[in-house]
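Engineer: One line per chain: the protein sequences are R, V, B and S, in this order. Count along the first sequence from 1, then add 205; that gives the number in the numbering used here. Count along the second sequence from 1, then add 3; that gives the number in the numbering used here. Count along the third sequence from 1, then add 449; that gives the number in the numbering used here. Count along the fourth sequence from 1, then add 7; that gives the number in the numbering used here.
These are computed hints drawn from the structure, not numbers from a lab. Among these hints, one or two may not hold up.
Computed cross-link-like contacts, SDA-like style, restricted to lysine to any residue with a CA-CA straight-line distance of at most 25 Å [to be verified]:
no., chain 1, residue 1, chain 2, residue 2
1, V, Lys47, B, Gly528
2, R, Lys421, V, Lys47
3, V, Lys8, R, Glu435
4, V, Lys94, R, Asp542
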Amino acid sequence: MKEFSIDVPVEPPTELKPLFVPIPAEYVEDAYKSDEFIVLVGPQHPGSGHMRIIVKVHGDIIVDAIPDPGYVHRSMEKIAENRLYIQNIPLFERPSIMDNANFNLGYIRAIEESLNIEVPERAKYLRTIMAELCRIGTHLYDAAILAVFIGHTTGFMYPFAVREIICECLVRMTGARFTSSFIIPGGVRRDVDKKVLDFVRKATFEIERRLKNFEKIFIKNPATIARLREVGVLSKEEAIKYGVVGPFLRASGVEYDVRKIESYEAYDDLDWEIVVADEGDGYARFLVRVNEINQSLNIIRQAIAKIPEGDVISQDLFEGVDSSTKNPKDIRGAFYDVFANLTLPLGETTTLTEAARGLLLYTIVSDGESNVPYRVRIVTPGWLYLRGFMESLKGERLADLQAIYGSFGYFPPEADR
Amino acid sequence: MKVEKVEFDALSRIIGHLNAISVGVKQAIKPERITTEYPRERRKLPDNFRGLILFEKDRCISCFRCAFICPANAIQMELYDNYYPSIDYSKCIFCHFCVDSCPTTALKQTKIHDVAFKDLDEMVVHTDEMINPPELLREDKITVEYKINGKLVLERKREVEDLIVDVIPVKRIEYHSACVNPQNCLGDALCALICPTNAITVVEEEGRRIMKIDTAKCTGCGLCVRECPTKTLGLVRREG
Amino acid sequence: MLDAIFEMFKGNMVYIPLIQPIVNALMKIPIVNYIVALILWKPFFAVAILPGLGGIMIVLLLMVYWERKLTARVQWRVGPLEVCRPLRGLIQPLADGLRYFFQEVIVHVEAHRPYYVQLPILTFIPVLLPILFIPAGEIVAVRSQYAIQIIVALIALIPITIIAIGWASNNRFAYIGTVREAMMYFAYEIPFVIAVLAMILMYGSGDPYVIVEKQTVPGIVMNPIAFLVFFIATLMATSRLPFEIPEADQEIAFGPFVEYSGILFGIVMTLAYEKLYIMCLLMTILFFGGWSGFAIPLLGDLTPAIWLFVKAVVIMLIIALSRSIYPRFRLDQALRLGWTSMLGISLFSLAIAVVKVWWLG
Amino acid sequence: MYQWEIKIPKKIHDTKFFGNLKIEVIDKGICSHCGTCATICPVNGIKVEDKPIYFPNWEKECIDCGACIKVCPRWDYKPLNGIGDYLEILAAKSKRFKGQDGAMVTEIMASAFEMDLIDRAIFVGRDENWKPITSIVKDIEQLFEETIRGTKYSFADVMPRIKEVVKDYRVGVIGTPCMMSGVRKLQQESGIFNNIKLAIGLFCTENFYHWQLHEFLLKEKNVEMKDAVKTDIKRGKFIVSLKNGSKVSFPVKEFDPIIPSGCEVCQDFAAIESDVSVGSVGSKAGYSSVIVRRENAKKVLDYIFEKEYAERGEVNIDAIQKLCEFKIKIHPYPPKH
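Turn these sequences into a full structure, and let the hints guide you.
Structural biologist: Okay, here's the thing in structure tokens:
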């Protein structure tokens, strides 16, 4: 079809200038001279917010999408340089509060690797259970956001209701619904008793049962499938090229999971599979995460069945510490003595963690003598797959932007750190 | 594991629609509601719940550990007869590092998580306000507990849960400060300045300065040891 | 002159045995009797009370509450509760309306100020016009042989006001919203008209009285396909999920209504409910036997009006469920649905009607 | 009950101890700018910067402990002079390091690291303007950096940096004769400073404030310190070698107007109180004279020659003796004017 551009001089809107939009003025002018126009999605966006996407549309088709992240950048890496190693634990939970255990775990593992601490088996299992609970929570949260993006309010409420059960599990285990700061170098803060673990085990079945309702009303709902199918397709090659990570990479057919490749904690002892899909479209990305929830539930059940008795805090920590209490089951009373002057040996440690949304990297650089990190580098999954997200928007309809946004589960605080 | 392919032909679409509608109708008739009507009902919280922090003055040894470890800088030490902590709840993130740091269990967790403050100034809870729990206006008559027996049940009991938890104090070996390297001493008397219980005293005479540690008064907080620039002081186990 | 008008009123009053003693008493008082006569004058009663404005008010209050409560129920929540706890939050919509009243109305600089302010109020005209032709038993404003056709024609006016609202807003999102509204309008209007046509063909008349009379078996049983088309068209026309495309708050932030605030927003938001009410009245007449139902002696003339109203409201309450079941389709998917499947099955329903009328009598 | 006592010095003036120090030493102009007082100050109040030593707000913040007075080398000043006691005098040239002369300072420190005698050493580096920057060296690798070698002829805050490491590590210090006196006084005063395991003194006639030296060279001699690659004093002449290969030299006498008053009363040329003194005087070009004074230094030197890190040269003790006497002559105490 031949297109005719209207030869009417259109003034580019002045509103773009004072908004500190990171695009040149010519870009806007060019768009207005041709048949295209620019829509700013965000940052006060009804779905997620904290993120602006500058979208150039031609009719209803997105020609170009430029991300404008950083609205919730809190310079965590810099803040971390002024805090004790132990004080960074609550800080590093904050990028993604749903996923706190995984974010916590990555940091703690970096410290442990540097200090060469052997973590007791029981603590490892408890950490695995917590990490998986948080993974389910995050996937549910993302599913809920996806539902709200495509206008399904029930699809929003059901996952949040299920997440409430997870919160109940976490509050019984750790004492806080999220941001539990429960994982500490050398183990976990205190032992979790058998009753609570039993509750968690029962809760997994309840979660599974309730998710069946969710599956019928949202996941397998033809309207949902219609919205997500063949939308924002990233082929295997593209996904690798743009550095997409986590379930979104797996949705494009790449079998990559840090938990399998560089196994940590108790994942090696447990029986589970990497979930992969071939299509690489929005629905595949969603389904991969839905299936991962089932895998995670399976992991939790196995972990609770296999969990050994014993200490939860490494004895190495108490060595050379003049602490009054040296209880390997509860850190209470000795927390300050053990951790306040924690100093890492000179050098650099890096850990990879499979957070819910994908690969999470922590690098701690220590100068060997101060009790604060010299440098901490966090690379969050959100930041890694932002490029892939933007690329998958191109060529889709403006109405699909939300569906793709939701299918990626993009979480601005996590990406901005 | 490969994700199962989802059919999208006419028949499966119709089945999908019917499934969705059936769930909607089913839930509309008999919902599996998990909401609690909060101020009237209250969720039962576990004993280790990290809520408002209470303070027991007798146990406190003014060691400043809570103030030092606080990641949010919410704890300030206030001077009464000794130094005691006060918490700024506008900063507090309820990580309870302070509670875990306290060597004498002077700081205790409670299940109180819903306190209203009039303004920011009031959010700084001073020591004397921390000793007793805040005034509680409780509307709740019912305690709801999540119970899973095959299915999640919200067990509603007509009882009012006590929000204050009995904390078992941790066992602790007692210490006191001692002068281990008198030849290192500069006579700067920083220890005497920092000592929260005035256990270290300095008497100045002609040409000399006499330093004394009253071990009876000393709580073994270790502040002087941390402060001393020359490693003169050290902690010694209290005998008996 | 006045007497002549009074006589006209008196000659055509709604007879309700329940309140007849009071009416009789009031009719003896001068001046008041004029007012009472006017109110109970059937055409006026139809427009102003039932099934007209009064009905709309009740529907608005009930519908908003019901929709929120039902959605909450499906979603394992409680819903509005705190406004008047003994009534389980029944007057929540009233409180919301009150809030809209005291909220500041902002008219932004680039909007076309007169139209921007007037249009939400003007939308009442196309909404109320069809009500003139919807009879409820004896209570009717304008009696016409072609009432159904006229109602369908007048309903088609409503999207135009929405488009005008979007135009007056002068906003990018409002623009996208109006374009979507216009497109949706074309998608559902043709199958909708064909479905109505099928029913008219079936009953052999566009006169509601004839239609109701002929429905010994409800129309939904006679031609379920036409009902399906009509039902989906209703969802589309009133932009309810899964066809809440013009408003789409996550995508284009309430589309045509993005700039409205305060009471103007309140009025604009009721538009969809008013439209839904009219569509449901029409649906009741076409498929659910209109105002037919067993007579309640005490209510007299009011019985059919009540039946019509109750049936319409029940349908509305069922439609409210769609909101908690479906997400939103994309515009092109909805258009495809309108122009292919719905057009197809609407033609099929027409064929059924033709077959029934011509071959089966 | 623990009880111990500390001697406190006598106050001359009725003010806080830092006030006494200020009046008697700093304001009198006999302060050598060694920074020992800043090293010991328990409240970290005394500041050593490129200007006379000061304590901002001392009236309030000084806790009146008297430590600064106890360690000040110039409090109750009795000048030391001569070549001092020694075990051995020798000249040597490092094979591992390249320095201004024999690079023996770096060599001794590096060997001390190798012998596990010290964990940290405090060196003076410089920026492009030859402004001294002290750095704490943790291992031998850092010693191979270019900028920490060579004489800077400006005051540096070597002593205050000791405080950062002395609590936890064994330390090696390099400094001017006045700093060496300060180190000895510190060790007398508090046991913690026994962690200073090696003190290397430098031959010194006088030292300058960096800004004064910089300004002097810029205005009088039109020399930008940025362009300099080496500064040296040879045979009574100050020599600046520039990047373009040319050299600017002029008699040291011309420095007279910018010599700090503290240096004008100092008669200690050979760092008498150090463990080992190093300087260029008394040996051939490319060699350093080393005066070994104490056993610990002797061990290091033995180690160096055992491992053959350095080669010996001829030493001319008379030349050193001559300069010691010369310094007494030009820096009389009490000063004449």
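Engineer: Now look at each hint and say whether the structure bears it out.
Structural biologist: Hints and how they fare:
no.	hint	result
1	V:Lys47 - B:Gly528	23 Å, holds
2	R:Lys421 - V:Lys47	32 Å, violated
3	V:Lys8 - R:Glu435	13 Å, holds
4	V:Lys94 - R:Asp542	24 Å, holds
In summary, the one numbered hint that this structure violates is 2.
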